[in-house]
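Enquirer: Here's the letter readout for the chains.
There are 2 protein chains.
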Amino acid sequence: MAWLTIDRSLQIPLIRQIYKQLRTKILNGELSAGYRLPSTRSLAEDLEVSRNVVLEAYDQLLAEGYLEGQQGAGTFVAEGAYLKKKDKIATFIKDDSTSKKNNNNIIDFRSGIPALDLFPRKQWGQLAKSVSIETDHSLFGYDSPEGRIELRSVLSDYLLRTRGVECHPDQLVITTGATQALTLIAKLLISLNDKVIIEDPITHEIQTIFQSYGASLLPIRVDKNGMDTSQFPHGIKTAFIFVTPSHQFPMGGTLPIQRRIQLIEYARKMDSYIVEDDYDSEFRYEGPPVSSLQGLEPERTIYIGTFSKILSPALRLGYLILPPTLIKRCRELKHFSDLHTPSLEQLTLSLFIREGFLEKHIFRMKKVYRKRRDFLKEQLYNEFGDKVKIHGDSTGLHLIAEFDGIHFTDILLSKIHDDGIKVYPVESHTINKGLYSNHIILGFGNLDEVKIANGVAKFKKSLLTK
Amino acid sequence: MAWLTIDRSLQIPLIRQIYKQLRTKILNGELSAGYRLPSTRSLAEDLEVSRNVVLEAYDQLLAEGYLEGQQGAGTFVAEGAYLKKKDKIATFIKDDSTSKKNNNNIIDFRSGIPALDLFPRKQWGQLAKSVSIETDHSLFGYDSPEGRIELRSVLSDYLLRTRGVECHPDQLVITTGATQALTLIAKLLISLNDKVIIEDPITHEIQTIFQSYGASLLPIRVDKNGMDTSQFPHGIKTAFIFVTPSHQFPMGGTLPIQRRIQLIEYARKMDSYIVEDDYDSEFRYEGPPVSSLQGLEPERTIYIGTFSKILSPALRLGYLILPPTLIKRCRELKHFSDLHTPSLEQLTLSLFIREGFLEKHIFRMKKVYRKRRDFLKEQLYNEFGDKVKIHGDSTGLHLIAEFDGIHFTDILLSKIHDDGIKVYPVESHTINKGLYSNHIILGFGNLDEVKIANGVAKFKKSLLTK
Chain X
5 MAWLTIDRSL QIPLIRQIYK QLRTKILNGE LSAGYRLPST RSLAEDLEVS RNVVLEAYDQ
65 LLAEGYLEGQ QGAGTFVAEG AYLKKKDKIA TFIKDDSTSK KNNNNIIDFR SGIPALDLFP
125 RKQWGQLAKS VSIETDHSLF GYDSPEGRIE LRSVLSDYLL RTRGVECHPD QLVITTGATQ
185 ALTLIAKLLI SLNDKVIIED PITHEIQTIF QSYGASLLPI RVDKNGMDTS QFPHGIKTAF
245 IFVTPSHQFP MGGTLPIQRR IQLIEYARKM DSYIVEDDYD SEFRYEGPPV SSLQGLEPER
305 TIYIGTFSKI LSPALRLGYL ILPPTLIKRC RELKHFSDLH TPSLEQLTLS LFIREGFLEK
365 HIFRMKKVYR KRRDFLKEQL YNEFGDKVKI HGDSTGLHLI AEFDGIHFTD ILLSKIHDDG
425 IKVYPVESHT INKGLYSNHI ILGFGNLDEV KIANGVAKFK KSLLTK
Chain V
5 MAWLTIDRSL QIPLIRQIYK QLRTKILNGE LSAGYRLPST RSLAEDLEVS RNVVLEAYDQ
65 LLAEGYLEGQ QGAGTFVAEG AYLKKKDKIA TFIKDDSTSK KNNNNIIDFR SGIPALDLFP
125 RKQWGQLAKS VSIETDHSLF GYDSPEGRIE LRSVLSDYLL RTRGVECHPD QLVITTGATQ
185 ALTLIAKLLI SLNDKVIIED PITHEIQTIF QSYGASLLPI RVDKNGMDTS QFPHGIKTAF
245 IFVTPSHQFP MGGTLPIQRR IQLIEYARKM DSYIVEDDYD SEFRYEGPPV SSLQGLEPER
305 TIYIGTFSKI LSPALRLGYL ILPPTLIKRC RELKHFSDLH TPSLEQLTLS LFIREGFLEK
365 HIFRMKKVYR KRRDFLKEQL YNEFGDKVKI HGDSTGLHLI AEFDGIHFTD ILLSKIHDDG
425 IKVYPVESHT INKGLYSNHI ILGFGNLDEV KIANGVAKFK KSLLTK
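Residue numbers (the working numbering), protein chains in the order written: chain X, 5 to 470; chain V, 5 to 470.
Hint data in this document are derived by calculation from the structure and do not stem from the laboratory.
Do not take every clue at face value.
Copies of the same chain look alike in the list, so a pair counts if it fits in one copy or across any two.
[Claimed, not checked] Cross-link-like lysine-lysine pairs, in silico, BS3-like; alpha carbons within 30 Å at most:
(1) LYS464 with LYS228
(2) LYS24 with LYS371
(3) LYS332 with LYS419
(4) LYS273 with LYS24
(5) LYS126 with LYS364
(6) LYS273 with LYS29
(7) LYS364 with LYS24
(8) LYS24 with LYS370
(9) LYS332 with LYS191
(10) LYS391 with LYS455
(11) LYS241 with LYS191
(12) LYS228 with LYS29
(13) LYS332 with LYS437
(14) LYS370 with LYS29
(15) LYS29 with LYS364
(16) LYS419 with LYS381
(17) LYS464 with LYS24
(18) LYS24 with LYS228
Work out the full structure: start from the sequences and follow the hints.
Expert: Dropping the structure here:
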């Protein structure tokens, strides 16, 4: 279906109009060599001309060598009929994110990336196919903002079984990843100049999202046990308290029950919501999982979960658990954001969980990640001895390494990068600056032992030659 | 010790039963700080469970900080683990959208729904599977906000070939459906109290989205040729002009070239952007294609496209074409909305287009929809004769029916609904009210001839018995 126009008010015969437009498109490369032209019948229908008109235009182009064709096999644009244009169609600005080359030799300790080569492709692919082929055809229509009931039901069972999170499927809203969950919370709870209590340090992007909706952040210092709840301010009304209690990001602490209770009591006193971001607590290497804040105070806790770490960030599947009072408004906001999260993927995931594949995958990956974590620690101790301290490694896909006497300035980080290693400074996630300049975040989820060993060795070498 | 119970008929593991009861008793103060728990051996005997079950339950409570203990000294309830009780969480409030029953006997003339039973399930399912199984494993990682280059490239070729839209792949941002494209445009272009010129009537949801970002709407009356460009206001600065030129929604007109030029000249004079929403122009039954506004004025037109009508709304795949000056900011906004649109679906779609399946599917569906449209018109004329006028049926998946002397009030629409038919009043999409009270929107994309015939007959019966 070539895009052609017919103008009957012109003096130019229709055959000529079609011929000229096709010729131009072939000359300027819009229709490139090998492109199969629509059949004369379908083009004639499309342009509302007689089929003979199209036949004659095609014949002329065939005769002139722009087209080639065989009886029964169709008509194609011939080779060598493209004339390079002098001027570009649009002046185009090259953008960093497209033009940047991925240097495959770089060893990247970026946090939060699962082992991409161990994604359960086959199971997922099979399920995706069967969802597309076998489900009732209503699946392909518009859906409801909160997400498919199949996924919400199986997820509510799963969360109770594995995380002690108690929720009715109606309290769940499936989101296009945890990032969308954060923006929905911001829209739901933040009015201009509202205060939000937040851990410091905390993911830089989360700060940006809340601030972009007008929040002013009240940072609370984090220690090895997470947010220091004894530091909560008095007499200040806050929209909500944002916390990563299972595995503080980036510092890695787990909030003990005493602090959880202090936090809840504070939220009650101040009549504030709690936002609990639980992004990777499935990978806990020491001790059993810790109960969620949501399970302790379901009426004022909003819980954010994601499948980015336990499966793949490419799926963009996350969820919110809401207190009943916020459900209706959140569904509306989701509706006006993107109507709903793609249905076929939701259904694929619900089958993946129902078949037990998710729990098996997590079980398997936990062993892989524990091994990688242990190996990374071993390498760090081997290379740096007592010059390195490791924190926050009980859970998840990253750890914090603190280096005696080394300050990770932009200049140093850039040198390390030039030497083929990417590490991430804690300071890029701090609100009050300067306290963590000798701490870096080392993700190990997507690095095998060879890469970890090379990475740590190269990293040391880079530091020594600074 | 009768204070713990074990129920072997429950699905809940024994460890979890013991853990939960102890935790509850600690949280509610029944077991207070310093209380010494029975030894694991004696509790196990008492409950007639294996000692390991009790050990694991204790371990979990120790890890979470509810208990503390030392080798040989016993296990005690920890300080600060008591949470004052609040009133019970409200038993769950049923929500309309979940509890409402789908009445399958209702014949629903909702617009914009493609034929769901003709979605190319098999091709899509095969491609989805092969994407999951065969693609490089980097596919499963985080991706860039603008979307996969495979999809943007093939889409840029497709748009040039079929719609005369000229764009570099870098000008495309893949969105989670057209709704997200609209919210990105709102974030990109609207500041508080900005004026936006918009067609009247126009999709109610679009009005809501722009208003929720602070826009004040300047409605321009629509006639059978779309937006009446002679009515543009003078001397008022506007953020952008929103227009559905290929197929005005809902009235169905196609903006002629003369008005397109007037619109562009106005936008140039006022230094305003144009937002062109092209949601279903692939299904054009009459008249030659008219050049897109984007093709005529790429420097100030933002073009919105979607796969919801030509494939399925469940995919949530849409896109924006941006002038180079807006690309960077739009990618940032997309990043902070949901990072990016799901990667596997993007890649599946790019293969679907590359293999030629999309164009074949559109070609096939155009015939189906044309037949359905013709049949619907025939039924309307048969039942209502010269009491009905039909508008805006040259393109797309719906038409407008105007009924002589019938006013579609809420009461009448509700009666029609009770009689098993859903039709949609144009008035719900108007800004200036009262001009279209005898017009309704009839979607036919997802209705076969039996349903159309029954629907129109029942609709007439319902009107006669009012």
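Enquirer: Any hints this thing doesn't respect? Which numbers, in order?
Expert: 17
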